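> Assembly of the complex is requested from the two constituent chains, each provided in isolation within its own frame, with the hints serving as guidance.
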Amino acid sequence: EDQVTQSPEALRLQEGESSSLNCSYTVSGLRGLFWYRQDPGKGPEFLFTLYSAGEEKEKERLKATLTKKESFLHITAPKPEDSATYLCAVQAMYGNNRLAFGKGNQVVVIP
Amino acid sequence: NAGVTQTPKFQVLKTGQSMTLQCAQDMNHNSMYWYRQDPGMGLRLIYYSASEGTTDKGEVPNGYNVSRLNKREFSLRLESAAPSQTSVYFCASTKQGNTEAFFGQGTRLTVV
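Chains A and B are the protein sequences, given in the same order. Take 1 as the starting number for the first sequence in my numbering and just add one per residue. Take 1 as the starting number for the second sequence in my numbering and just add one per residue.
So that you can see chain B by itself, here it is in the shape it has in the complex (with noise of 0.2 Å):
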């Protein structure tokens, strides 16, 4: 049992540069959720889905998209890094919003 899966785990971007971070759950749970985790802030939402076919701003949403695919897949994009994109990125998934959230094992990326 995979649980949520991210590609890639590791990956540095020339400013500048865009790339999609994948994100995929099998527990067939509704919602799915990134984060990013900086030293000394703590895990802060970027955006949300609470079902397939929705999505919504969190609190740090400016400079991604994002992209509910189906019900297992949410990606998320920058279009144009910068380096204050340098962060761990955690995707998240709940079977319904309040339950326990499901966390896949991050993505290191940083932005030169």
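Looking at chain A on its own, in the form it has when it is part of the complex (with noise of 0.2 Å):
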């Protein structure tokens, strides 16, 4: 089965203070790792879609790599607009191309 773990659960970040973000996760062969991000009260946005250990992919003061095992969500100098939840999905390379999700990062950018 697979699974999808996101640490940590949340965090407080003071603007401009660099974190990262960590999804591990087990599966079948990977076909690919999706980021989202979640604003409250409303859907997933996409992100970024990761699909071999190595790849980077950036976005604003969001970075996202890959390896065999897990991702990193590296967010630069935040800003409070940077404040959501921000959720992980795999999805294997066979079966019925289901996303499996990890419960998420709560992020919360202080001004």
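Quick caveat, the hints were computed from the structure, so don't treat them as lab data. Take these hints with a grain of salt, some might be off.
[To be verified] With a Cα cut of at most 35 Å, we get these calculated DSBU-like pairs of lysine-lysine:
{"#": "1", "chain 1": "A", "residue 1": "103", "chain 2": "B", "residue 2": "71"}
{"#": "2", "chain 1": "B", "residue 1": "95", "chain 2": "A", "residue 2": "42"}
{"#": "3", "chain 1": "B", "residue 1": "95", "chain 2": "A", "residue 2": "79"}
{"#": "4", "chain 1": "A", "residue 1": "59", "chain 2": "B", "residue 2": "95"}
{"#": "5", "chain 1": "B", "residue 1": "57", "chain 2": "A", "residue 2": "103"}
{"#": "6", "chain 1": "A", "residue 1": "68", "chain 2": "B", "residue 2": "14"}
{"#": "7", "chain 1": "B", "residue 1": "14", "chain 2": "A", "residue 2": "42"}
{"#": "8", "chain 1": "B", "residue 1": "9", "chain 2": "A", "residue 2": "103"}
{"#": "9", "chain 1": "A", "residue 1": "79", "chain 2": "A", "residue 2": "69"}
{"#": "10", "chain 1": "A", "residue 1": "57", "chain 2": "B", "residue 2": "57"}
{"#": "11", "chain 1": "B", "residue 1": "14", "chain 2": "B", "residue 2": "57"}
{"#": "12", "chain 1": "A", "residue 1": "69", "chain 2": "B", "residue 2": "14"}
{"#": "13", "chain 1": "A", "residue 1": "103", "chain 2": "A", "residue 2": "68"}
{"#": "14", "chain 1": "A", "residue 1": "42", "chain 2": "A", "residue 2": "79"}
{"#": "15", "chain 1": "A", "residue 1": "57", "chain 2": "A", "residue 2": "68"}
Just so you know, these numbers come straight off a predicted model, no measurement behind them.
This is the structure in structure tokens:
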């Protein structure tokens, strides 16, 4: 069974204080790893897809990296508007294309 | 460009009542999904439709039924609502199986 574990569950950061979120996964052949951002009362919003170990993607202050066992979402010099819950999901190579989600990293950036 | 639209946004049901959650996407996507999100549990797949005319069970299908009405619309039905079905429900769609999913805004359902 595909499993995704995200840590830490919650994180409070001062504005400008860089940090990283971890997503550890076990899957029988990785097709893709996805990062989403979710604001309160809203649906998840797509950020990145990573397909193979060593791959990196960047968007503004966010950078996602991937190894064979985990992914990191690095937040550089965060701003209050980066406050959100970040969700990680994996998709297995074989099967029905379903996504297995982690429980999320809740990030609060304090001005 | 509306993306994925869910109706209603909020609903309160009494135990035993039935209702249908509606979902429509205007991105010409092939696959559609229904998830539920509960505190401390993450998003869990209820049912999905890989393409028009097909539906399959996900992780937590008990108590639900779905209909892929056409390529745009995918509905979720609760035949006899139970308090355990109190949750936030999200519909999502993808162009192909291995591409990113686009989510609706969610339906917050309370069963009393």
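> Now tell me if each hint is right for this structure.
We went through each hint and held it up to the structure:
A threshold of 35 Å between alpha carbons decides the hint, and for residue 103/A with residue 71/B the separation of about 30 Å falls inside it, so the pair holds. Pair hint residue 95/B plus residue 42/A holds up; C-alpha atoms about 21 Å apart against a cutoff of 35 Å. Distance hint between residue 95/B and residue 79/A is fulfilled; the C-alpha atoms sit about 32 Å from each other, no more than 35 Å. Only pairs whose Cα atoms come within 35 Å are accepted, and residue 59/A paired with residue 95/B is accepted, the gap being roughly 22 Å.
A threshold of 35 Å between alpha carbons decides the hint, and for residue 57/B with residue 103/A the separation of about 21 Å falls inside it, so the pair holds. Taking the CA atoms of residue 68/A and residue 14/B, the gap is near 47 Å; set against the 35 Å cutoff, the hint is violated. For a cut-off of 35 Å, the pair hint linking residue 14/B to residue 42/A stands: about 25 Å separates their Cα positions. Of the pairs offered as hints, the one joining residue 9/B and residue 103/A holds, with about 23 Å between alpha carbons and a cut-off of 35 Å not exceeded.
Distance check on the hinted pair: residue 79/A and residue 69/A sit about 29 Å apart at the alpha-carbon level, within 35 Å; holds. Straight-line distance between C-alpha atoms of residue 57/A and residue 57/B comes to about 33 Å, which keeps the hinted pair within the 35 Å bound. The suggested pairing of residue 14/B with residue 57/B holds, with an alpha-carbon distance near 25 Å, which does not exceed 35 Å. For the proposed pair residue 69/A and residue 14/B, the alpha carbon gap of about 44 Å is over 35 Å, so the pair is violated.
Between the alpha carbons of residue 103/A and residue 68/A the distance comes to roughly 20 Å, so the proposed pair stays at or under 35 Å and holds. Note on residue 42/A and residue 79/A: the hinted pairing holds, with a Cα-Cα distance of about 20 Å set against a maximum of 35 Å. Between residue 57/A and residue 68/A the alpha-carbon distance is near 16 Å, which keeps this suggested pair within the 35 Å criterion.
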